[in-house]
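Protein sequences, first through last, are from chains A and B. The numbering of the first sequence is the working numbering, which starts it at 1 and goes up by one. The numbering of the second sequence is the working numbering, which starts it at 1001 and goes up by one.
Everything hinted at is true.
Across the chosen pairs, the derived CB separations fall in these ranges: (1) Met1(A) with Gln1117(B): 21 to 31 Å; (2) Met15(A) with Gln1073(B): 18 to 28 Å; (3) Gly32(A) with Arg1108(B): 30 to 40 Å; (4) Gly33(A) with Glu1133(B): 39 to 49 Å; (5) Arg1108(B) with Gly22(A): 20 to 30 Å; (6) Glu1133(B) with Gln43(A): 53 to 63 Å; (7) Ala37(A) with Gln1152(B): 41 to 51 Å; (8) Gln43(A) with Arg1074(B): 51 to 61 Å; (9) Trp24(A) with Arg1074(B): 33 to 43 Å.
Source of the hints: derived by calculation from the structure; they are not laboratory data. Glycine is no exception: its CB is placed at the ideal position from the N, C-alpha and C atoms.
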Amino acid sequence: MTPLNLLPLRDRASMWRRWLVGSWLGLSALGGGGLAAWTLHSQDASKAHVQAEMAGAQMQLDQLQQQLAQQRKVQLQAQQTQALWQQVQALRQRAQRLDALHKVTAQRWPAGVQVQEWRLDGAGWRLQGLADSGSAVQQLLQDLQPLGPWQQAPAVVELAATPALSGSSARGLRYVVQARWQEAELAPQARSLAPSPAQPPHSVIK
Amino acid sequence: MQCFVRGWRRTPVWLGLSIHDQRMTLVEWHAVAATQAPLSRWAQEEWVPSTQPAPGLWDEPAKSGATLGRLWQRAGMQCRRLAMGLPANRVVLQTLQVQADCPANELRAQVNWRASQALGLNWDEVAFDYRMESPDGPQTVQWLACPLALVQAAQLMSRAAGLRLQFLGVEPAHMGLREEKQGGAPDLLPQLQVACEMARQGSQS
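Chain B on its own, in the form it takes in the complex (with noise of 0.2 Å):
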């Protein structure tokens, strides 16, 4: 009982993964207080692409998986409960004006019927979630979709990579990962940003 209840204590820990071009960049973040240091472990993997164009995360989501496995292995980390966010471009972010009284699986419904419109697809081929932007005020929900295909891809490269996939969200945009240097690479800095960013959402969701 004490051994539960230390380890159900115990400070999250949360892998938190960016990935862009041919970057992929793993950090380990403790949900800790400001005086100590959220970020234990991180590690970051390229890789040179096999065809031309280059495949991205999402056509190759096995391969990325291994290559995110040995990142892990060759970071020495423990945790596997992985966060990771979908670049903001591939994803739809919007808001409904809902009555007060409307049902959950009603809420549900429309989230779902407006998502498959916004994406262009099928009500079964997209992924969603919703929340309330106020709770005391107008019910206004905010919702975001996908396509299902990328949460099944995400879900395969962690299953590849022997992690547990919790958390998927939606990449900050505001950190600039996509204003390229002149060299073409992007910055460590920011990459680094997101994941932490990814991993805190995870911890906070």
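Just chain A, same shape as in the assembly (with noise of 0.2 Å):
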């Protein structure tokens, strides 16, 4: 049986006890709070790093993709302007071999051979006119075939005697010459920079 004890609730050992009691679980619950929210806190100190470390291999990754874009348009730049520049080459070359044509078929002219008709299409050409012979017009063929690389060479397509008109000269034979130059092909962005189809596929020259 407790003994009787005269001592207000406060002052006696049990409250003291009680207080002790109730201190330590406050200050284990304390501690505990203490311990998860510290453990919270870490874990969203953990997590706000993580995100920021995804962050910023995102925004690397959209660096390094914004950069091979525009590698990769420098890059079509470039092989736009290598293609733009293969068919200057290609124009400047075919340039350079009609302006030996054009002195070839100048030297034979009016002796000999006669240009009527100067066709162009591309690297191929065709040439039209009046002969007075047809040792003219081999003479002519011999002295173009130094003009190549040929990928036809020239060749007599039409040669038939034409009636003599009055007043004219003697010559009498009508003669067609055909031939296509060697050239690279062209690359399909060349291709696209080359003129419209609405432009006439090829030249003729009277």
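With the hints as a guide, bring the two chains together.
This is the structure in structure tokens:
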């Protein structure tokens, strides 16, 4: 049986024990809460750190993708420039060849071979005119031979006698010579840079 | 945590105090097994009254507290948990019959009223405690009361000595403290027994 105690409740030993236990439980709860809060805080900090790292990695990935797109754009521009340069080179070469062809025909004209029509179709060309004789046409072919390389060597596709007109010279052979130079294949981009189909596919000089 | 558990399971130590006439006996009491000595330290102090008739403990609690503090320091005691008892002639111990379904606050009010009536004091001038004598039998309540001034004097004395008074009971009357020898001074052994008994009751409170 518990002894009778005349002290107020707050001063008794049982109250001291309860206060001690309560304090201990309170401190334990406080410590537990603090530990839980610290754990949550550290988890949040770790989560924020990971999220920051992910955001940084994503930003770096975006930058790399942008740089890659830029590089592809530059590469495409370089390819287009290269194709354009190749086309310019091809046109220059074609111009040089035509110039040489013009010189050769000019040497033969008007003596022996007369050029009436000069039709160009890309690397191919076609000459049509009047010649005094077949040997003159043959001489013309020999003079044209060094202007290659040829994909299709200069050849006579038509040689026929024409009726003599009044007051004209003695030329009586109508000839047609055609050939095609050998050129490197142009890139697709270069094709797109070529003249549009609305323009005539070939030029005719008369 | 282990330190707390060790301290919690440690054997409780109490100080038991017995004061009679101008002699104060203080013991340090351990609630241990019967094979071990429960009494580790004890000391006794006797003082000469400055006036005649000699004032009691309850008349000069601060002075008695200073004496108690010196006694505690001289004995080299560590414990500050104090248990002491009031003389049986300064308290009222009675019983009360209550109904089985009496609420706790009603029971407390009844004891408070009866104590104030028995002591001839106002209801807020008494200190009391009560307990059920037999929980399984009829609802008989045993209650103990004394003037609140006595409790306050005991607390003041304890604070003056630097101790914590945690139990204030009633000294056992059967130990013959009132039987003085021919020389006038009480015997040493009964005072030691009373001090140990108060410490034991304190450990059970």
